[in-house]
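K.L.:
Given these sequences and hints, build the entire structure.
These are the residues of each chain, in order.
Number of protein chains: 2
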Amino acid sequence: MSRPTVVEYVVDRLSKLGISECFGVPGDYAFPFDDAIASHGSVDWLGCSNELNAAYAADGYARIRGASMLCTTYAVGELSALNGVMGAKAERSAIFHLVGMSSMRHQLRRKIVHHTLGDGVFQNFINISAQAACAHTVLTPDNCVYELERVIAAAMANRQPAYIIVAEDLATRPIMGPTVEQYPEPKSDQDELKAAVDAALAKIADAKTGCVLPAFTVSRFGFQAELTALIEASGLPFATTAMDKAVLSEAHPQYIGGYAGKYSAPNVVEAVEAGDVVINAGGVLFTDISTAAFANTIDPAKIITIGIDATHIDGQVFSNVRMRDMFVALAREVKKFDGVDLQRPAPAELVGGSDDPITADSLYPRYQRFFAANDVVVAETGTSATGVGGLLLPDGAAYHNQTLWGSIGWATGAALGTAVADRSRRTVLITGEGSHQLTANEIGNYGRHGVKPAIFVLNNEGYAVERSLEDYPDWVYNDLAPWDYHTLPAALGCKDWFTAKVKTNGELEAAMNKAQQADTASYIEIVGGKHDYPEGLKIVGSRTSEMYGI
Amino acid sequence: MSRPTVVEYVVDRLSKLGISECFGVPGDYAFPFDDAIASHGSVDWLGCSNELNAAYAADGYARIRGASMLCTTYAVGELSALNGVMGAKAERSAIFHLVGMSSMRHQLRRKIVHHTLGDGVFQNFINISAQAACAHTVLTPDNCVYELERVIAAAMANRQPAYIIVAEDLATRPIMGPTVEQYPEPKSDQDELKAAVDAALAKIADAKTGCVLPAFTVSRFGFQAELTALIEASGLPFATTAMDKAVLSEAHPQYIGGYAGKYSAPNVVEAVEAGDVVINAGGVLFTDISTAAFANTIDPAKIITIGIDATHIDGQVFSNVRMRDMFVALAREVKKFDGVDLQRPAPAELVGGSDDPITADSLYPRYQRFFAANDVVVAETGTSATGVGGLLLPDGAAYHNQTLWGSIGWATGAALGTAVADRSRRTVLITGEGSHQLTANEIGNYGRHGVKPAIFVLNNEGYAVERSLEDYPDWVYNDLAPWDYHTLPAALGCKDWFTAKVKTNGELEAAMNKAQQADTASYIEIVGGKHDYPEGLKIVGSRTSEMYGI
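If you're matching them up, the sequences are chains A and B in order.
Residue numbers for the first sequence follow the working numbering, beginning at 309 and rising by one.
Residue numbers for the second sequence follow the working numbering, beginning at 309 and rising by one.
By construction, these hints were calculated from the structure, which means they are not laboratory data.
The structure presented is a predicted model; accordingly, all values stated were derived computationally and were not measured.
Everything hinted at is true.
Same chains, same names: a pair is fine if it fits in one copy or spans any two.
Calculated cross-link-like contacts (lysine-lysine; reagent style DSBU-like; alpha-carbon spacing at most 30 Å):
#1 K803 x K822
#2 K760 x K803
#3 K811 x K760
#4 K643 x K570
#5 K809 x K760
#6 K610 x K570
#7 K419 x K511
#8 K822 x K809
#9 K610 x K502
#10 K570 x K511
#11 K419 x K610
P.N.:
Here is the structure:
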């Protein structure tokens, strides 16, 4: 039996993680990887318009599948992808970033070749790309098998990117050395785990009320069932910050709503801030954005923080305790809380007449009505996430946003990834024009790769989120080129899509109805008001000194 | 008199370098810079669709103006720009990259805020961005004045980027400390300069024939007059590699053509490779691309290499000798060569009938006829640069390409920069669809910012340059989304442009005529053959083992 080449081995090994597509942009130093992907029987090459878009798509895909593949070329390709991969590190998506570089023969001769600084120096960009990864490796035929297991183990244990680079000539050589067993998942230290469980149970024992705050990490690691079991065993309500929205189904009877500090619904503020115990399940991050600019007040002494690999209680840190083990152990022993308030969140109310112009108040409730069970909703940072964040999602609907990293343009790229990752679910992309312009050149690839999302683009004459944060909202830099958005899909090759441009609530509803029935993707341009912001943005806009510390 | 704030000072000081526009994408941590730019009397904010495009535009602008400004926000913005700024480092454009970060109050409190990894760590991206610069600084009100002089001096002495970052709260504080004199340009060591000149003259003294190879650096530093004087004093012919094309006017009577090793015109091969002396004027880089995959053979003993700040002759290095001083000193003392061959390059011949489909052979000569004196021709890496590289440009026409860094998509961004940098000259952008798709979302800003380039996009069913380099050209990854290119400008808001889609030589000529007469920008989609490559690509395609060392 002939041995596979380095690149064949890598692609095949990664495919066994459940990855069946690779996003990327081809390039000559990466041809060996490109060829290995294109010729692999169960991995499809999904070309993107540029590397940043590809990284965003890989991020979206990994959020659904647990891991993804991204392939770019040396220097120009990998550096263009950097921001997208760094965002995946921040928000925990396991992207395997495959990069090809010049042959070792050329490197050893210090040849002056393209995609270098012209100084005969190579591998100087590895230390840049590696900073967006939790593990990285420079592959050779000798080290390929065990190095790959090492970086796979690290990426999956952290749900963060791994960076894998190989020289063009070594890439196509057969692997050498013995086979290696797959590295086991990290296991909890049993003594620490027991101590953490005991400490948590002790804190819970005295509590009469409380709340669970599930973190985004729960969906990244796929521990929804384990956490749901804990929540049901405890009988406690759960609430989510913007970053964690819909990590468990919002149709669950114990879901009480979104938490954004004092601006949350009164029963949520009561449950989270006035309860006796808060279980931070997975490591919720109380970021500026998810707390409405630090409007949260939770006594740290009440919080049990179950992180990915450590649990914090009362200033004690229990190390090497895995999140899943805590969920399972606690679910077995947790007491059932009696008489806790499980008031469900109210759906947003439909306002605005049919002939009225679309406003922030009238728009978002109509999205809520549009959403269907199991949709994957991808909302862009800024206006869109603020508006959609306040809606109640139907059963099984997932929600993705980049609340922490907040790179605008992400959603238009990421939604390609979510749509490809699960073609049985509908992806709904909700974005604003300012963000969309960064990455809208990816739209053609939605059509080419045959996915059928519903896309909504808010055309409101500029960067509304920036206007909302400024004393003087009309700085020239908040203006944009006046795109004719609804004509864009056709220009980019998506000739059969349903497209519309809507200005009134009635037009919006009609277009939404058509999109529901269309057997194609749909792309709806919504004309909004230049200074009309969702409530959440107005709140943050009133708290800029808390937001920025100035 | 009230003191300016840090950001006001920076923008005003940079404007004195002749920079009157700033490219960028606004963002909240960078609002102080954004505000200072938008409110400066002689600097205009030129918003771009995304940061990579903005970096490319800043690169193009700096190639014309000598320096440029780019403004992005912390982390997400600056990292997205990284590849563009790194390319400017490789190919020497002095981009001043302005970045805003979180307030020092938030940094000292280790707040968990957007655009970070959520770990309370700040300034960890500075060491990434700084690698794309030749100098960087973290500004405070105290250090602002002298730090700025330091990084300006470095950027201008090297014509490479400088990275300037400031915390949001310090950004708007008044500068402190004394004023500082502008740092002088670096001066040559007079002893080394004299030794270098003597060594060069000695080598020239024995030579009967020779050639000058002007480098791209000559135009970056603006030393065209000094080098032209040296060339005219010597009477020597000059030739240029792809990277250096048109650095001096190709209408000059001593210009003999392009040099790409043995594939050059016979008289150029003779002059460069068989002459007695070669003056490498500015540090020509004999890269893989500019030498048709290392098809160059020049005896190193014949070469006088006048680098930016060092001269190399016969293995000796004369340090701290500035390029301009060498040009001036040599021009004074160089002998006049007699009887050297000054055969001018032949213009490309017009082939192909009016009703014939457009081919590589018929297309490029028609570009040559289209070009006018003083045009700024921006050609994309790959097919476009290979085809245009072989043409003879009219008097005063400049040519820009990214031959070394070779980041596809660059040209579509950079041409916005060249067009803005000198509105009295016409920018002609020549690109292929594979590259164009990376950055075509910038087209709307050409219209918004009122420039009127002529844009030509070759639609040839994929990445032709990649096909030309591969044994099997039809790998799936060489395919692209089927954009309807000529409809793109209107979709992106450029409603009044002249646009056309052409398939025959006659249609191309008619469209070119209209573009010549249009008072608007023009955008012409050219349908080409999937496997029809310019001659230069075929040559490189036949030399892949030399190209890649595999």
